[in-house]
Each structure stands twice: as C-alpha cells, then as structure tokens.
Amino acid sequence: MAGLAGRLRKRPPKYSAAALAWKGLRGQSWPRVWRDCDLQRSYDAVVIGGGVHGLATAYYLARNHGMTNVAVLDKAYLGSGGSGRNTAIVRSNYLTPEGVAFYDRSVHLYEQMAVELNINVMFSQRGHLTLAHSDASLRTMHWRAEVNKLGGVNSSVIGPDEIKKECPSLDTSDHPRYPIQGALYHPPGGVVRHDAVVWGYARAADHMGVEMHQKTEVTDILCEGGDGPDGKGAGGRVTGVRTNRGDISTPIVINCTAGWASLISTMAGVRLPITTHPLQAAVTEPVKMFLPTVVVSGSLHVYVSQTDRGELVFGASVDPYANYSVRGSLEFTEGLAGHVLELMPGVSRMRILRQWSGLCDMTPDYSPVMGFTPVDGFLVDVGWGTYGFKAAPVSGEQMAEAAATGRTPKLIEAFALSRFDNGELVGEKGAASVGH
Amino acid sequence: MLLVPCPNCGPRNSTDLRYGGESHARPDPNTASPAEWRAYLYLRDNPAGWLRENWYCASGCRRWFSIERNTATNEFRDPPLPGNKRGGAA
Amino acid sequence: MTMSRQGVQPTEVIDRAAKLRFRWNGKRFSGFEGDTIASALAAAGEQIFSRSMKYHRPRGILTADYWDPNLMVQVGDDPNVRAGHRLLESGMDVRSQNAWPSLNRDIKAANSLLGRFLTAGFYYKTFMRPQWLWPTYERVLATFAPGGKIDLDTPHAYHDKRYTHPDVVVAGAGPAGIEAALAASSAGASVMLVSHEHSVGGHLRYSSAAADQAALAELRTALDASDVEVLTDSTVTGRYEDNWLGIVQRNHPIAVERLIKARAKTLVAAPGLIERPYVFEGNDRPGVITSGAARRLVNLWGVKPGERAVVFSANAEGDAAVADLERVGTEIAAVIDGRTGGSISSTRGSSRAVDAVVADGASIGADLLVVAAGWTAPTSLLNMAGDRPVYDPAAARFFPSDPPSNVLATGGLAGDAGLDGLRQHGAATGRLAAARAAAVRHRLQSRTARALPVDGDEPAWAPDERAPLGRDPHPELYRADTHGMVDMSEDISSKDLVAAAHEGYDSVELAKRYTTATMGPSQGKLETVNTVAAIAEARGETISQVGTTVWRPPYAPLTLGALAGRMFEPVRVSSIHPWHEANNVSIIQAGQWLRPDHYGDPAAEVRNVRENVGLIDVTPLGKLDLRGPDVPKLLSLLYVNKWMKLGVGRVRYGMMCAEDGVVLDDGVTGRLGEDHYMMSTTSSGAGGVWEWVENWLQTERPDWQVHVTPVTTAYASINVAGPKSRELMSGVCEGVDLDAEAFPYMTVREATVAGVAGCFMWRIGFTGELSFELHVPAGHGLHVWEALMEAGSDLGVGPFGLEGQRVMRLEKGHFIVGQDTDGLTLGPSTGLGSLIKLDKDDFAGKPELAWAADRSLPMVVAIQPDDPDVVPEEAAQIVRGDTNEILGRITSSRYSPTLNRSICLGQVEADLAAGGTKVTVLLESGERIGATVIDHHAHFDPAGERLRG
Amino acid sequence: MAESASPQGPAFESPVVRSYPASRAGDLTLSDESAVTKWLVRAGAEGPTADLLGAPFGTSLVAPGGALVLGSRPGEWIVVGTASDVAAAVAGLDGIEEQEFCSALDWTQGRALFRVTGTSAARMLEKVCGLDWSDHMTPDGAVVSASVALVTCDIARNDRDGVRSYLIFCDRSFGQYLFDALIDAGNEFGLSVAAASHSHSAA
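Residue numbers (the working numbering), protein chains in the order written: chain A, 1 to 436; chain B, 437 to 526; chain C, 527 to 1475; chain D, 1476 to 1678.
Hint data in this document are derived by calculation from the structure and do not stem from the laboratory. Treat the numbers as computed from the prediction; the structure is a model and nothing was measured. Keep in mind that a hint or two might mislead.
What the hints assert, rightly or not - Calculated lysine-lysine pairs in the DSS-like style (CA-CA distance at most 25 angstroms, straight line): (1) C/K1444 - C/K1168; (2) C/K634 - C/K580; (3) A/K149 - C/K1444; (4) A/K288 - C/K1168; (5) C/K1168 - A/K14; (6) A/K288 - C/K687; (7) C/K1363 - C/K1159; (8) A/K23 - C/K1159; (9) C/K553 - A/K288; (10) A/K288 - C/K634; (11) C/K651 - C/K553; (12) C/K651 - C/K634; (13) C/K1363 - A/K14; (14) A/K410 - A/K149.
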C-alpha cells in the first residue's frame, strides 16, 4: 500500500442535525465532500467509471479488504453516467434464485446505507407493484413470487382490489385496452436518491484514502503476454492504463462502465456479449403527492414513481436500435404518455417537464457480466442493462472481493463471462418484462 | 425520429422498420466450433462509430437490407445493400 | 406595489367591451377578453400570486409571461397553469398553489426564519437516524412538494395528433421569424410559422414606438396575404433526429392540446431572447419585476405596475420601460444605470413598499422596482441539434457556435441589430432555409419510388452568405454585492450555490443535482446563466470556463394527454366474431386478438367435445401460404425435422428452433398441391415466424424459389372436434370422401363446405378428438359457422372457447410454446427430441441442438398430483423435499372434467423426468404436496385412438 | 398457376359489420370496398411478369380490361377490380410460368379495402399516418405501404375526377378497427360514410 499513510486524512465532520444547526448558527461552511488529488503514477487497483458501481467497488476494496491505494477514474464528473440518469428504483423480486439472492443482498445494503455512509440517501421503501395485463404475464408474476418466497424475499401476487387499495390512482376497471388483472407486490421495493448514493460512496471512500479523479479519460489499457496485438487479449495480463492525464501502472483494472463497457473492454482485447442502447426517462412538473408506490407495467413498457418533490418520474424500455447518442426521442415520450394514461387516466393534464436518456449495455440473457476475463487482472462489472443502479452496493461488495482475493464469490458465479462460451445463460431471459 | 434510407422505399421513419442488429456471416453449422458459433450468437463489436447492421422494412417493402450507420452520430452511409447477412439468433 | 388598470393603450390586446367573470381563491373577480389570468388579477390590484417552494415566501409577478416562475396556479382540475400566459376565460376557477392555509397567511412561511439551517441539500445531512423514523421524516418533507393538485377523476379529454412535412418550420414569430417565413414562402417553400405567444410579432407587440407598431402591422398584413401556415399559442417543443420536430398547439378547436410532428427540411430557430432576473438581496419580493414585465403590463393590458418606481436599467429595453411607466403615470423615483456602474444592493420595506437600496447604501422609497439586467439566449433547439453555444462576455450572453446546416438561427438568438437589421437577417435566413429545403426535397423525391420524378442533379447545398448580425456590448450583470434568489421556483439562492461549489459540487451538473437549481418548472429559462455565473464566481473562473448546462427537451412543457393523443390500440377479430358476441361469449384478449375464452361453462364445453361435437373459432392461428419448387428445402431449413418427402395432401407437425437452439414456434404444415403448401404457426408467433421466414429467404437463401404470403385472416378457421364431428361434416361437405381410410389423420383436402368452395379441411386437432380443421374463405366464415351450428343441432353441437381447448390440450399433454417452454428451453427439453434430425445438412439451431444432446437439460413432463382434487397453481415450484432448493415448476395445470382429477405439465431437472418419479410441489399456500411424473405427456388417450377415429 | 376466382356461393361478408347512419355525402367520404376482387402477383422485380403488368414498385396503372394494377413492392403487384377485369389482367401469367418463377393468389378474402375521397383526404391521413402526402411525394397513382393508425396498410392514391382519393388495404381482421379509426380522423373534416363505389380503376 505505497504512500497510503501519506494520503490518509483526518476524519471530516459527520453529517447530523446537530452539526447542521451548529454550522448554521456559526455561519460555517462544510469541507469538500471529496478531495481533488494529483494523479499518481501507480495504484494497487484502478477502477474505470466513477458511477455507483465503480465508487462502491472502490469503497468496499478499502473497507472490506484494506486496499486504499485505489484510483477511480471518470472521463466526466462523478455520477455523470447511468448513476444520475436512472429512475432510482430498488427491488429484489427477480425470477431466478441467483438473481433473487443477489438483489436481496443489494436491498439489504441499501437499507443500511444511510447510517453506514453517514448521508441520507432517502431510501423510500414504499412498495413496488408490477402489473399484469394478461394471463401470460400474470403467470410470470406468480412464478416470480414463488421463487422470491423461496429466496426469503417479501413478494406476492395481489388482485385488482388490493392494487386499488395500495395505489388508488390506477384504473383497475376492466374497461381499458389492457385491464389490470393482478400485480406482483413487493413491499421492500422502493426508490433511492440516486445522486446521494454516488456522493455517499465517494465521500466514504475518500475518507479511507481512495482517490476520485474526474475528467480523467482512459484511452488505452496496457497489457502483456496476450494472444492479440500489443499483448492484449486472452492469456495476457494487465500492466496499467493510459489516460488523458498520463499513464498509470497497476496490476488490477476493473471496468465498471455502462455505455462504454464494450469500448473499454476492447482496449484489453476482450469482446463482450453487449449491445448499447439508450434508455430514456422523463419527469413531469410537481403536483401534490398522490402516487404512494412504484408502479411498473411490463406489457406496457412503463414504470413510474412520484418523487418527494412531487414529480412523476417515468422510464420505459430501451430504444430499439443500438446507439451511443443520448439525445432522446419524441416517440419515446408519446408512447410513454399513452401507456401511463392507460394505467392512470387521471394524470392526462400533467405536463412533461424534461426528458433525458442514459446508455444501457444489454446482454442476451438480461443478466450482467461480472468477474474475471481471459486477461489476467482485467475484471468486468458490466452488462447492467436497465437494472444497474439497484445492484450497485452488492456489485461493489462482490467485485471488491473478487479483485482482492482473486476468487469469484459464490453470489456472482452465475454472471461470469464464461457462461457465453458454454451456452449456459441465466434464466432471467425467461421473464418477458422490462427489468425495473 | 431517425430517417432510415430503405433501398426500395427511400428514407423512412425508423419506427417503420425493425432493427436486425450487427451484420455478420453465419458460420458453417457443420464445422463451427462451440466458440465460433457462440461468438456468432452472442458476441458483438458494438463500436461507437461506423457499424454495418441489418434492418427490416416492416411497414414498407418488407425487405431485409444491410447498411452502415454511425452509432455515435446516427448518420447513414448510402447506398444500403439489399439482403446481405443475418444478425444472429432470433 | 399597487397595480391598476389604466386608460386605453394603442397597443393593448384586451377588449374592454367583453368583461369576463372568474374566481380567484373563491373570490369573484373580473377581467377583459384578451387578459391573461395574471394581467386580470394584477389589474384588480392582486400582488401575491404564489408561495415559494421551500421558505413559502410571498411571490408576485416577475416576468408576466409564460416563463414567470411565480405565476403557477390551479385552474379547475388543471394544475401548474401559467397564469402569465393562459388567457382568461369566463367562469374560470383559479386557485393559488402551494399555500396553506391561505396565500396571505402561510404557516410554513416560518421556514424562512430557518433559512440558514435549510441550506441547499440540508436533507442529505440529516434524518439518517433513527432509521425507523425516516418514513415519517419523508412524509413531512413530502408535504413541501410544490405544484397543484390533480383530480384522479379527470377524464382523458379528446386529443389527437398530426404529421406534417413542411419545407421550412420557423420557431418564433418575432420580426426576424416572420420575415424568415415570408421570404421562404415567396421562394416557393411550404412554411409553418410557430408562435409561442397568442399573436405574432414578438417584442413588437408590447412596444409603444410608432415605428415598431407600423412594422408589426406591415408584417401581419404580409403574413395574411401569404401561404405561410401560422400557428399561434403553439411551441416547437423539441428538435430530434433529422429535423423531426415536436410542436404543441394549445389553441386547437377540437383537441385540448394537439401534438404536431413535423419533418422539417430546414428549421429556423428564432425564439428571441428571455430577460434575465438580477440577483440581489430581496430580488424575489413582490414588486420587483423585469422591464419586459413592466412593458407587457402597460402596453398589452393597460395595467399600471406601480405608483412610484425605481428602474435599474442596463439596456434600451430598460430605458423604454421608463418611458412606458411615465406614460401611464408611474412616478419614476430614480433610474439607476447599470451601464455606468450603477447597481441595486437590496430591497427593504414591508407589504406594498419596495424601497431600493443602492450601492452606496442609500435607500430610495418606491413600491416598484423594475430591473433590466440583460438577456438569456434560449438556445434549446440548437442544443437539441447538437450545438454547444459559446459565451461572449462582451455581450453577456451565449451565441450559437456550429449547429447542423439544416438548422438556422436568426433574430436575437443570432445577434443584435435595429429592427430593419433584424428583419433583413430574418429574410436572408428564410431564403437560405428555402434553398436548402429545395435540395433536401430533390433528394427525397429522387430516392423515393412513388414520388414525382425530378429531373436534373440535386441542387448544390446553398452556402450561408448572410451578413452576420452584430453584438451589442452589454455589462455582465448577474449578482450584485449581496446574495439573492437565483432560482425562484426552487428557492435556491446564490449563497446556496456558492456553498455547494465550496463543498465540492463545483461543476454545473453537480451543483444542479445537489441544489436542484434550474430543475423547476421554468427549466432554467430564467435561472441557468445566473446559476453558471454563481458557480464561476465561487470557482474564481469565467462563465466560459465553467460552460453551461445542456437544455433538454421539451422547450416548453406539454401535457401527457397531448403526447398520448388518440391512443391507437388495434384489435383484430375473426369474421365469426359477431356470432360470439351474440352468444354469451366471454372474451379474452390474446395480443391484438379478441377471442372467445368460453361461453359460460368451459367444463361443459369440454364434456360436449368429448361426448358429442364442438366448434372452436381458431382464426388467429397463423397461416402462411408457401409457393414454389423450393418450399421443401425451406421447411427443412426452418423446422428441426424432415420435409423433403411430404406427399401432396399430407400434413406434418414441425418444431422450429432459433439459432441458439431455443424453441421458437411449432405447428403443422400441409402440402396442398405440387408446389403449394400452407404452414400454420401459433397465434402469437404468426408475425414473428413470417419475418423469420423472410429473413432466411432474403438473406441466406436468396436463390431459392419460394413466395410467402400471410393468409391468416384470408381464412376463417374452425376446428370441428368430437366423436360426432365426421357425422356433422358429412352433412355440410361436398366433394370429399370423409371416410377414415379416404381421409385419414394428418391429411388435408380441399372441399366445398355449406356451399362455400375453396375451403381447406385438415384432419388434425389440438383436443385429441376426431376433428376437422376447416379453413374457410374469410368472407364466408360466419355463414359456414352458422351452417355447422344448424346442421349439428341434433348432434348436440356447441361452441367451445380457448379455455376448453386449453383443458383438452393439457389432457392430451400438448405443450404451448412460451407457456410450457421459456426463453431458454432448448428443443430436446420439449420431449420431442426424436423429431430433431441432426443428419440433415443444415437447419436453424443445428449446432446447439447437436451439443444439447450431451447436456443434462430440464425436461417438459406430465405431472399428476397424488391428491386428484388439488390443482397446483401454474408457476408452483417443484422443490427437493422440505428444502427450498428449486428442481422445476408447474407450467400448466387444470382440473380435467374428463378424468375428474388435476393434471399438469411442468419442467423438471433431467434426473426427475422419468415416468413414475415422485416430486414435491410447493403450493402458493405454502403447503407441500406429493405428485408423480407420468411416463407420457398425454394424461388422456395416450395411444391417440380417438383422434385417428 | 392462377387459382380459380373467388368462390361462388353465399354472399360475401365484409369485415365492416357495424352500420353507419347514411348521412349526406359531405366533401370527405369513406367507403368500404372490401368485396372487390384483389389478386396478389409475385415474380422478379424485372422480367416477363413485370413487363406484362407494368406498374413498377410505387406506381399504378390501369390494365387493359380496366383492372387497377398496383406496384405494391419490388416484384409484387396487387391487381384490383371486378372478378372478370382481374382475371383478364392476370390471364397472361399462365404463359409466363415457363420463363420465370411467378405466382398469383386470390387475396380478396384476406384484405379489407377502403376508399377515402375528398379535398381534405390528405389532411385526414396526416392524422393517422406519418407519410408525406404532398403532390410531389405522393402524386396521383402513387403506391406505398405504411402504418395507418398502427395497422400496416397498402395505400394507393387514385384520384376520382380530379379529387384526391386513396385506396387503403389492410388485413381483413383489422377492418372494423381501421374503418372506425378513419371515421374518427375524418370527423374534423365532416367525413361521411358512403356506399361502395364499385369503381376501382382510375377514372
């Protein structure tokens, strides 16, 4: 841990109501939430991507494995990618046992996050409804509920009357084109203030000596011994990364990017089962609270929740064609509005205020690609599709363990890149519904 | 709404077409190794730039065609070629 | 501040003869036709219109237009209405938002005393413990949510949409925009001019200068005489790929709001400029207004904004405001000139007093403070086109840098000039837009088969030879020597922003996210540049160094109703549908199809089929007409089994797998003639299989001679099933020998049924009974169905629906693709592995299916609960004993009226697939029951004697 | 290999089963022409069949005998008219089979056919279809396939006496839905439902 002592800092003031009051009275200001550091020539590990996954990985490397000589590199600012563009939904009601166990751990970590990181991430476990509009989707809901229960996850199928009780704004009559026949109800599901998660991990990692480097773009990954050009590719090992701020030598590089996962992995000569599609989202003007739960409709490809500020936040399924531009489209908001009004006719006078999009790395089996690659020292935490945010804490924890111990933790064995060589894909593909 | 230059219909709204993904040759099913076949099924170049890909003019001429598009800027390189290779698993 | 209506103004837009009565917070008010809600209230002396989000500070008019953050009101069930823009209507019920118990006495105003503690982002730093209390905290915080109320009973009023393809769309109808539209139109282009305001003219509308009024009259006359399509009270909300534009029309006669989707060949962006508030202590006090607000109030609605005014002016508009105010008798206490270093430090005073404190500390008594501190260029449409506008400190605003060449900027967005200069630039822009549109049109026509042929080469892309507009120098006035509100709708002060920057949230995006500045209803139209300026100041950098944030669509908010429009939801019905509807049918939606689920008693329908004969309408069954010499090769390529030797009149079952070996679809295909086949697919798979077939033919085997035509609804499909079906058919059928030997199972014949020629009759069925599947020319489907019903009346014929069929197919153990299989189910898992012929040269998915042979795969099996009365839920899990280890699941289950017991299909791990294996099924109730895997998929008639009958 | 013409026997049942008030013929009229004989011909985009039928992709013409031939796709034609007119138009195909691979099938039962006529017909279509209906992009005689109210249709511009008129073909099962969607789109322009014109070739 070269130079660690030199860069450790005295613990800054904790956040609390008392501290707020004190500083308020004294008119004092708060210290920087994380430091600006010079880029070192060498680190024990380099994490590419300053989003929730990269920051959580760095945090757990330091907290659980004492690896603090770690740099997190982001080509823009922290949380500038999917972390700040998602709809902040957290749930664990997946279809497969491996998925359920994994996301259940994530929910558990989210529940403790505010205290552990000493920042209010506003995890609002308001309940999560996945609506079913057909026999087929209702069957899938039952399937998920049964697997969830076996995994110890609170999840059950409820009927239109109970749905109406949980969420009065939904049209549970049999009139609409897509009548609501039932829903998978998941009480622990909810929403989190996504930016706070970014800042919380960054601040906590910073306290332990991890360095956050913004506006630091990785332009190449340096390898030796691989079967490809420049020693890249299978059989080789990582020696460092090249950035717009100079070269860094490191034995471990962890690709925690979304949207650029293929491009970064190509730098190490690793090809991925990923295509990148934008996922769009939109927010309305605020109105007084009326939507108590998170509502998802797989068949209608829409999910919606109301923020504490009173806005409705919407998302849909990814754009139909592969694309790296995040400009957003009109047809997205049109389809979205139509589907929302199918569910909640009463909101037709609410106005869309802003739309945006983020990049999603879609895999063939709707499951991530995590862990080791054919290049020694190059790890991936990618392919997060539309469900990366909810997995951030557990991914960070597991990736940190993999990087620190050199062994694949049980919880992520199913998500190994090698499954695509032997054709043993993850069964989340069985659930034909948007992954929110 | 992206305009996709269909070789038969001319420029059409992207919602009139079905996206067929990256174009690449289908390996010989009788000689392909598991690695080759699964690369064909699953692995993608996914570049941020020029990409040859397949489209199906579903609402128009109902013809599959292959064309180069820049995935960062959404420009197309005319003219598209009819037919060409398929885009992997259904 | 005391506003009041004055004498008639030459420029006013109100009709004083037309009085409109309305309610404001329950009290009666009146205004005139042409008033906005806000101008009518202002004329009546109202000064507080809303309470601020966090501190609940009283707020009055700031800009008196669409973007005014303080004028959000509730009108009936319509929340967040822009009172500065929405025209007054008789009988409106207008209420203030975000105030409790009343606008003038708001209890939460106490928050302002806590301001120092409620700094931006304070909520991130507290409420962490005790954790169990957070939900309570959250509920309290949520009560601070701003905005109006929605009425969940609001009906989805009529909305619809329109597509249009004009050559040129001009966004903004100020003098430059109008000239651009006129010039483009006279150059032969089709033009759509979109005015955000209720009438065209831009800033000329509220200028009292004679020259401006003359020009306005001239422009309006020219527009009326032109072919330009003018949309008022409409906004170009977004510019998307290839100049695809969203335009919201708020004043359409038949639609509440109409969304227009325009594919413009060129777009002219002429939105003008938005006046920027100035940041100083007390800048959000009612009575502090922009110079534009003052001029609009006076000139458009004849409202005197105050009795005694201090005017802070840094530009000509501010000076013009002074003249307008004097004309309506507002006493000008002082004019402080921002161009010569003058400044405002703060305002003092209570209720109606707005005393201005200037730099030297002197206080000037007044009830109105008019501020003209500069402009924000609303570059939104350019941002959406990929442009990154650049900041010019000398002019104190952003300018376009390099937009795509089919997007042209003019008017204040592009630069400064006198009226004539602006008009000339607008006209030049219009001519350029028309010239480039002509080139685009030429290209479109030359590449579109159906279009009018064009002769000659495509016109060259017209070069931009417009004389550029100048840039008037303007002082950089963002913040005075005190701190004040930057974002009025979010209650974010410059102090908050500086603190956030010092805390490390020092990029514009981070600061925005942390403080929520610019996130409110005006989306930064007023706040963005002041926000950037505050961050730049905190970082000791220039605005150019800090850069700006990206403006995202929409430019102006639009309702979900407008975006949804008419919600087109195509439904498909068979030609027999009218009969079902007249016969107590219970309909089930299957994708786009409306299908009979049952007619009251599905169990009885099953028994009737088993004992007598039943009819089911299976029209949605996918049907592909295949013609040509190479059809057998095609079938061999797409199905896993063999097809080269299928004789004419023969029918065969086939299973399709995708290239990854996963089951894609199944069905029977029959050979109708030498080179003529009919393929049937699952109902849900019909569209996908057709595309799949075309894909192989067009891309992998283009040399094959096969023509594929979807004929799913060219035929009404009726399955006649039951022991008495042959007897029934013999009564209505001509031209075919129905005898079992002449017309055996798995064959097809052409026949005339009930006088309808050209029917195809297949000896197949899903029910396991002797059955005839009729494909009747669709235009005669109802006739044939009714004829069968009549002919079979003495045989006890009755209809049966999908539910009955589901039960019978389950009794027979037929799996359903997508229910008993899933997205990972490989061909052999269906139990039909013997169908897969790996000795074929090639077929879809062959390699995976070959390798699958060596893998231990989950299997589809028939399962019977040991207790015949227990029906496990579909999706009930199969587990190992008392553990939670999942070994499989029930995929289909029903109570069989034929066997009087529960029956299932399920997927289990390979080592449980053998007949006789005992398994444990976990019911939803939590109870675990025993069940047995049976050695054949068929629970009923495994030998298939009945269907061969 | 042309099949026998549409089956004789009971009367043809249109997919449009609802009845509509017989209102005065407004400027804009919609009629249900589903009973008309429609054949689908397939062959190479160039070759003897293409030469016989004329009407390259995107265009239409009136065949000798009066049937309307639409170049609906490359190497694909829809022939519309009375049974005898259509039979006459496709009669020549039998001789061609030796020269190239071609096929023809009677599609009368499979496709609904509507005609909308009136000066505002294009404005009406603008509400349900995203194509450019201007004279330079879709002149009289033009043929195109597109989504109309989310149903894929073949559309031919076939003006009547100089007045804009469009033939719209869709899968029979969508017929009732599409007919109602067109009526809704036309209300704004005073659309009225007219009786089938039984005149299907160019004026």
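Can you confirm whether the C-alpha distance between C/K651 and C/K634 stays at or below 25 angstroms? Given that 25 angstroms is the threshold and the Cα spacing comes to 21 angstroms, the pair holds.
Are the Cα atoms of A/K23 and C/K1159 separated by 25 angstroms or less? Cα-Cα ~81 angstroms, so violated.
Need the status of pair C/K651, C/K553: alpha-carbon distance at most 25 angstroms? 43 angstroms, violated
Under the criterion that the straight-line Cα-Cα distance not exceed 25 angstroms, is the pair A/K288, C/K634 satisfied? 16 angstroms, holds
CA of C/K1363 to CA of A/K14, is that 25 angstroms or under? Not satisfied, since the Cα-Cα distance of roughly 69 angstroms exceeds 25 angstroms.
Straight-line alpha-carbon gap C/K1363 to C/K1159, limit 25 angstroms: It holds: about 14 angstroms lies between the C-alpha atoms, which stays within 25 angstroms.
Compare the distance between the alpha carbons of C/K1168 and A/K14 with 25 angstroms, and conclude whether the hinted pair is satisfied. 73 angstroms, violated
Starting from A/K288, check that the Cα of C/K687 is at most 25 angstroms away, please. Status violated; Cα separation ~29 angstroms.
Check whether the Cα positions of C/K1444 and C/K1168 lie no farther apart than 25 angstroms. Given that 25 angstroms is the threshold and the Cα spacing comes to 36 angstroms, the pair is violated.
Regarding the pair A/K149 and C/K1444, is the alpha-carbon distance no greater than 25 angstroms? Holds, at roughly 23 angstroms.
Mind checking the alpha carbons of A/K410 and A/K149 for me, to see if they're no more than 25 angstroms apart? Measuring from Cα to Cα gives roughly 20 angstroms; hence the hint holds.
Compare the distance between the alpha carbons of A/K288 and C/K1168 with 25 angstroms, and conclude whether the hinted pair is satisfied. 64 angstroms, violated
Hint compliance for this structure: hints 1, 4, 5, 6, 8, 11, 13 are broken, all remaining hints hold.
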